[in-house]
Structures are given as C-alpha cells and as structure tokens.
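Let's have the full structure, built from the sequences with the hints guiding it.
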Amino acid sequence: MRKTKAADLTSRRRLRLIFHFSNTASRPFFKELFMKPIQTRTLLAAVLAACSFAATAAPAGTPAANNGSEIDGKKEVAYTCQVEINGKLTPQKVTAMYGFKGNDIVVAQLKIGRQITPGMWRDGFVPMNRFISQDNSRTTVWTTMPATADNVTQVDGGKLSVGQGAGAQQSIILDSCKLDRAATARLNR
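So our numbering is basically just the index in the sequence shown, starting at one, shifted up by 964.
It cannot be assumed that every hint is accurate.
Straight-line Cα separation of at most 25 angstroms, BS3-like style, residue types lysine-lysine; simulated pairs [claimed, not checked]: (1) K1065 / K1123; (2) K1038 / K1065; (3) K1039 / K1057; (4) K1052 / K1142; (5) K1052 / K1065; (6) K1142 / K1123; (7) K1123 / K1039; (8) K1052 / K1123; (9) K1039 / K1065; (10) K1057 / K1123; (11) K1142 / K1075; (12) K1075 / K1052; (13) K1038 / K1142; (14) K1038 / K1057; (15) K1142 / K1057; (16) K1038 / K1075; (17) K1052 / K1039; (18) K1142 / K1039; (19) K1075 / K1039; (20) K1075 / K1123; (21) K1123 / K1038.
Pair ranges (Cβ atoms, derived) [stated by the list, open to error]: (22) S1140 / Q1079: 17 to 23 angstroms; (23) T1112 / R1153: 18 to 24 angstroms; (24) D1120 / N1067: 16 to 22 angstroms; (25) K1065 / N1152: 25 to 31 angstroms; (26) G1051 / G1088: 32 to 38 angstroms.
These aren't lab readings, by the way, just hints derived from the structure by calculation. Cβ atoms here follow ideal geometry from the backbone N, Cα and C, with glycine treated the same way.
Now the structure itself:
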C-alpha cells in the first residue's frame, strides 16, 4: 500500500510539474520529463495542457486570413493521429473544426479528448494548409494536406506541434493524422 501512495504522489507531482511547465518551464525540462516512463493518462494530460494553454502567434509571417471572426461556414473532420508514449506509437482520435470564407479555409481548431486548442489562423504557406496560433509566449501549429472548403472532409491531416515562443523549435505532439471517413461523415450529417 505504501508503494501505491508513493506512486500516486509521484504521478501527481509530475502532473503538477506538467501544468507548471505549460506556464513557465523550459523545453529541456519538458524533454527530460517525457523521457521518464509516464502513464498514458499523464502524458495525454501533458499533451492536452500544452494544447489548451497555447493560444495564437505566427513564427515568421502573420496569418493572412485573420481579418476578424466572420466566416461563411464550417466543417468538422475526424482524424486518427499517432502520439508517442513511452517510445511506442499510440493512436489518438482528434476532431478539427474548420472555418472558411468562400472556398478558402481560414481558421482551424482541434479537439483532443475534452481539450480544445485555441483558434489557429491559416498563414501564406502554399504547399500545405498551415494554421498558426497567435500567442507571444507559445506557438501552436496545425499542418494538413492541401485542401479547400469543398474537399477538406476528404483529405488527410498532418501534424500538431507546439513551440515555446515565436520562432522557437517546435515539439511534435500529434503526427501522421489520417482522415477517419466514417467519423467525419457522422460529424457532418
């Protein structure tokens, strides 16, 4: 019983440190924390904390489409992404809400479990659809395959990454996001 309490205390300390990291800690601390064996729910809490505390700041260019909150429409897309936990790739269900003006997708927001990322505005990166948050302290980036409002529900996603400031090295949170056609169809009935 003593080991259980100690293990629980360690888990709580790690979780507290993860939330502390999301506000102030440095990237090396984050890397060290993730090198230790962590339970799946603790790692997921860290991922969700990073996403939920991240708001919106373009590293190199400012988003071209951030001209207010008006959009012509929205669509939801479901993906199955990969997250690395204890050196093993684990599937993670994610949904994305895309807002568009005309046929151009201008904003994206992801939902991972119960956590929702901040709105990320599309920038001018031509080869892919890249959406970037606009927060001076943290940059969240969602990259997808090229898509328009007409075909966004038929195209694979890409990666979600977080950096600790404008122009900072990005840490990949979710990778290889593949379209879940059945779940996407249910979302857009």
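Hints versus structure:
For the suggested pair K1065 and K1123, the alpha carbons sit about 23 angstroms apart, so the restraint of at most 25 angstroms is met. Proximity of K1038 to K1065 is assessed by CA-CA distance (about 9 angstroms); at most 25 angstroms being required, the pair is judged to hold. The suggested pairing of K1039 with K1057 holds, with an alpha-carbon distance near 17 angstroms, which does not exceed 25 angstroms. For the proposed pair K1052 and K1142, the alpha carbon gap of about 18 angstroms is at most 25 angstroms, so the pair holds.
Straight-line distance between C-alpha atoms of K1052 and K1065 comes to about 39 angstroms, which puts the hinted pair past the 25 angstroms bound. Between K1142 and K1123 the alpha-carbon distance is near 10 angstroms, which keeps this suggested pair within the 25 angstroms criterion. Distance restraint check for K1123 and K1039: the Cα-Cα separation of roughly 19 angstroms lies within the 25 angstroms cut-off, and the hinted pair is therefore satisfied. Pair hint K1052 plus K1123 holds up; C-alpha atoms about 17 angstroms apart against a cutoff of 25 angstroms.
Only pairs whose Cα atoms come within 25 angstroms are accepted, and K1039 paired with K1065 is accepted, the gap being roughly 12 angstroms. A hinted pair counts as satisfied when its Cα atoms are at most 25 angstroms apart, and K1057 with K1123 qualifies at roughly 13 angstroms. Between K1142 and K1075 the alpha-carbon distance is near 15 angstroms, which keeps this suggested pair within the 25 angstroms criterion. For the suggested pair K1075 and K1052, the alpha carbons sit about 22 angstroms apart, so the restraint of at most 25 angstroms is met.
Note on K1038 and K1142: the hinted pairing holds, with a Cα-Cα distance of about 20 angstroms set against a maximum of 25 angstroms. For a cut-off of 25 angstroms, the pair hint linking K1038 to K1057 stands: about 20 angstroms separates their Cα positions. Between the alpha carbons of K1142 and K1057 the distance comes to roughly 10 angstroms, so the proposed pair stays at or under 25 angstroms and holds. In summary, the hint linking K1038 to K1075 is supported, as the alpha carbons are separated by about 15 angstroms, within the 25 angstroms threshold.
Our distance criterion of 25 angstroms between C-alpha atoms is broken by K1052 and K1039, whose separation comes to about 32 angstroms. Note on K1142 and K1039: the hinted pairing holds, with a Cα-Cα distance of about 17 angstroms set against a maximum of 25 angstroms. As the CA atoms of K1075 and K1039 are separated by approximately 13 angstroms, the hinted pair is consistent with the 25 angstroms bound. Pair hint K1075 plus K1123 holds up; C-alpha atoms about 14 angstroms apart against a cutoff of 25 angstroms.
The straight-line distance between the Cα atoms of K1123 and K1038 is roughly 21 angstroms, inside the 25 angstroms bound, and the hint therefore holds. Range check, S1140 to Q1079: about 20 angstroms between beta-carbon atoms, so the 17 to 23 angstroms window is met. About 21 angstroms separates the C-beta atoms of T1112 and R1153, a value consistent with the hinted range of 18 to 24 angstroms. Checked against the hint of 16 to 22 angstroms, the pair D1120 and N1067 passes, with Cβ atoms roughly 19 angstroms apart.
At roughly 19 angstroms, the beta-carbon separation of K1065 and N1152 lies outside the given 25 to 31 angstroms, and the hint is violated. Separated by about 36 angstroms at the C-beta atoms, G1051 and G1088 satisfy the suggested range of 32 to 38 angstroms.
In summary, the numbered hints that this structure violates are 5, 17 and 25.
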